[in-house]
Amino acid sequence: MAEKHNLKNPAVKRILQELKEMQSNPSDDYLSLPLEENIFEWQFAIRGPRDTEFEGGIYHGRIQLPSEYPFKPPSFMLLTPSGRFETQTKICLSISNHHPEHWQPSWSVRTALVALIAFMPTNPNGALGSLNYKKEDRRALAIKSREAPPKFGTPERQRLIDEIHEYMLSKSSPVPQLAPSQVSEEHSKTEEAEAEAQVNLHNPEALPAGVEIPDQAGDRVVEEQELPVNVNSNPAGVEASMDNSSSGSSNQLLQKSDARVQNLKPETRIQKSDDRLFTLAAIGLTIAIVVLLLKKFIKSTEYGAVFMDES
Amino acid sequence: MKFCKTYQQYMQGHGHNKLPSVGFKNLKKIIKSCRRASTQPTCPDHCPVCDGTFFPSLLNEMSDIVGCFNQRAQQLLELHLASGFRKYFLMLKGKLHKNHTALIEEGKDLVIYALINSIAIRKILKKYDKIHYSKQGQLFKSKVQTMHKEILQSPWLCELIALHINLRETKSKPREASALFDGCYLTFTDGKPSLTCELFDSVKIDIDLTCSICLDTVFDSVSLTCGHIFCYTCACSTASVTIVDGLKAANPKEKCPLCREGRVYEDAVHLEELNILLGRSCREYWEQRLQMERVERVKQVKEHWETQCRAFMGI
Chain A
1 MAEKHNLKNP AVKRILQELK EMQSNPSDDY LSLPLEENIF EWQFAIRGPR DTEFEGGIYH
61 GRIQLPSEYP FKPPSFMLLT PSGRFETQTK ICLSISNHHP EHWQPSWSVR TALVALIAFM
121 PTNPNGALGS LNYKKEDRRA LAIKSREAPP KFGTPERQRL IDEIHEYMLS KSSPVPQLAP
181 SQVSEEHSKT EEAEAEAQVN LHNPEALPAG VEIPDQAGDR VVEEQELPVN VNSNPAGVEA
241 SMDNSSSGSS NQLLQKSDAR VQNLKPETRI QKSDDRLFTL AAIGLTIAIV VLLLKKFIKS
301 TEYGAVFMDE S
Chain B
1 MKFCKTYQQY MQGHGHNKLP SVGFKNLKKI IKSCRRASTQ PTCPDHCPVC DGTFFPSLLN
61 EMSDIVGCFN QRAQQLLELH LASGFRKYFL MLKGKLHKNH TALIEEGKDL VIYALINSIA
121 IRKILKKYDK IHYSKQGQLF KSKVQTMHKE ILQSPWLCEL IALHINLRET KSKPREASAL
181 FDGCYLTFTD GKPSLTCELF DSVKIDIDLT CSICLDTVFD SVSLTCGHIF CYTCACSTAS
241 VTIVDGLKAA NPKEKCPLCR EGRVYEDAVH LEELNILLGR SCREYWEQRL QMERVERVKQ
301 VKEHWETQCR AFMGI
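These protein sequence lines are chains A and B, in that order.
Counting from 1, one number per residue, gives the positions in the first sequence under the working numbering.
Counting from 1, one number per residue, gives the positions in the second sequence under the working numbering.
Because the hints were derived from the structure by calculation, they are not lab data.
Don't take each hint at face value.
Straight-line alpha carbon distances no greater than 25 Å define the calculated DMTMM-like cross-link-like pairs of lysine to aspartate or glutamate that follow [as the list claims (entries may be wrong)]:
#, chain 1, residue 1, chain 2, residue 2
1, A, K13, B, D190
2, B, K253, A, E36
3, A, K20, B, E303
4, A, K20, B, D208
5, B, K141, B, D129
6, B, K255, A, E36
7, A, K72, B, D190
8, A, K151, A, E36
9, A, K72, B, E303
10, A, K13, B, E303
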């Protein structure tokens, strides 16, 4: 796929990186793939969140990535009726193009899909493209969603939708069937329970059980295991203990390092080419000044000698 | 041995450097006095001892530690990166007398100093929370992070670790450096690089070197004041500024793409040592990216000057 695309475009590069990452770490809860003819168009399917009325459902949709991606947010459209979102309508979420002020370039298609799954059981609060069906209707739609994938777009797109649907079915567990008594009990519950499940992207603790948004903010992690710290009375002991631990790890590094890491020749100094030019220029100037001074000195001594001889 | 003793021994061992440190004993006394003063088992929300003594004194100590660390790290990096006329100027000033081994030693000391102090601060705040059955310590820690007084947030720590690896790998006689600290290394997991630093076999710091915007290894890396690292071009794009104008021209309202903190662009630091390290470790990638960046930068410079000319001509 990479050969067809303009790799000089940062958006294309980023999308290909995401695709590579999605393929290397697949999830059972969602699958998303770009169309072959347009890498900015993605087709996805998400599994209904567990322990909700959407459980067992397979919901298809499309993602439209802007040309300025990841600096501008994508737009989402669901194609499978779910009772939570309208079909073939761009939906309003804090991660979609309806709220560009909330979008972060560090978010990706993966985080967007995880967030979308987390948003499903929440109260719509009259958001654009949202629906508020009864729980039993949503459950019926969840069961129906497994039967066949939605029909949408070109034959190429349809082929991709079918492939995604088959993959999701192969990974799914059987749909939980509820007894009529349970249905009536659930129907009698108030909307307060739904309000409790409100999801805030900036507060991952509020996510429903089993749903996690990948944390990308943790750049620097200090791991501290409860190990006894044996250090001699002199601080050199600290250094010695550190040396011992790291020599083994550096050997492992040499063995396990990526193919991109090459054996490097030892250099006495790391310098940029510009700096070398400056250095050479400085040396040249110094030599020139010294030569001029010497000339002056020689001339002055010659004249002095002549003057002395004449006298 | 308790960490408190370990810490004090380490700081006494480096007493000749007159480095600021965390006053463990003093802070413990304050916690105990607070415990005596309050009859309740937990510390109230507005405790005069904690609000007036413990947290302000700890904050002052943290400020001193971070300030000292940043200053010394900058000086050390300046010595190593100095070249051309700057190098000769430093030679004349007599600053460049340090040899290779001395630079490694000082770099190592500063990295240990940063890590040991970050552990010390964590320990004292944990103790505070344990004694008071509160989360005030954790709240204070997050408040300190927003104030950029957290030593692990410092971009100079990343630079020092990179400097350490650079000096270690460019040493022509490795036998001389065998006794030196070797706890810093560049690791690749699934092709993704990260800087790793270990202390006491139990504390490990990992700095991810993948730009979360382009999802690639950071190129021409820059650290924002919040401590997050990005490619320079990615940071410029996020801040809605051109490469020509630079991050200094960024709007103060622009936020970090990871932590959404404002005012992080104007004091961003270019990580020169890290660039040298990555340039040597991933040669092919670096060359490829360099060519692509050149094209992009030339394009942006052309556009910039065209707009400047139009503005000048009044078109």
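Hints numbered earlier in the text: which of these fail when held up against the supplied structure? 2, 3, 6, 7
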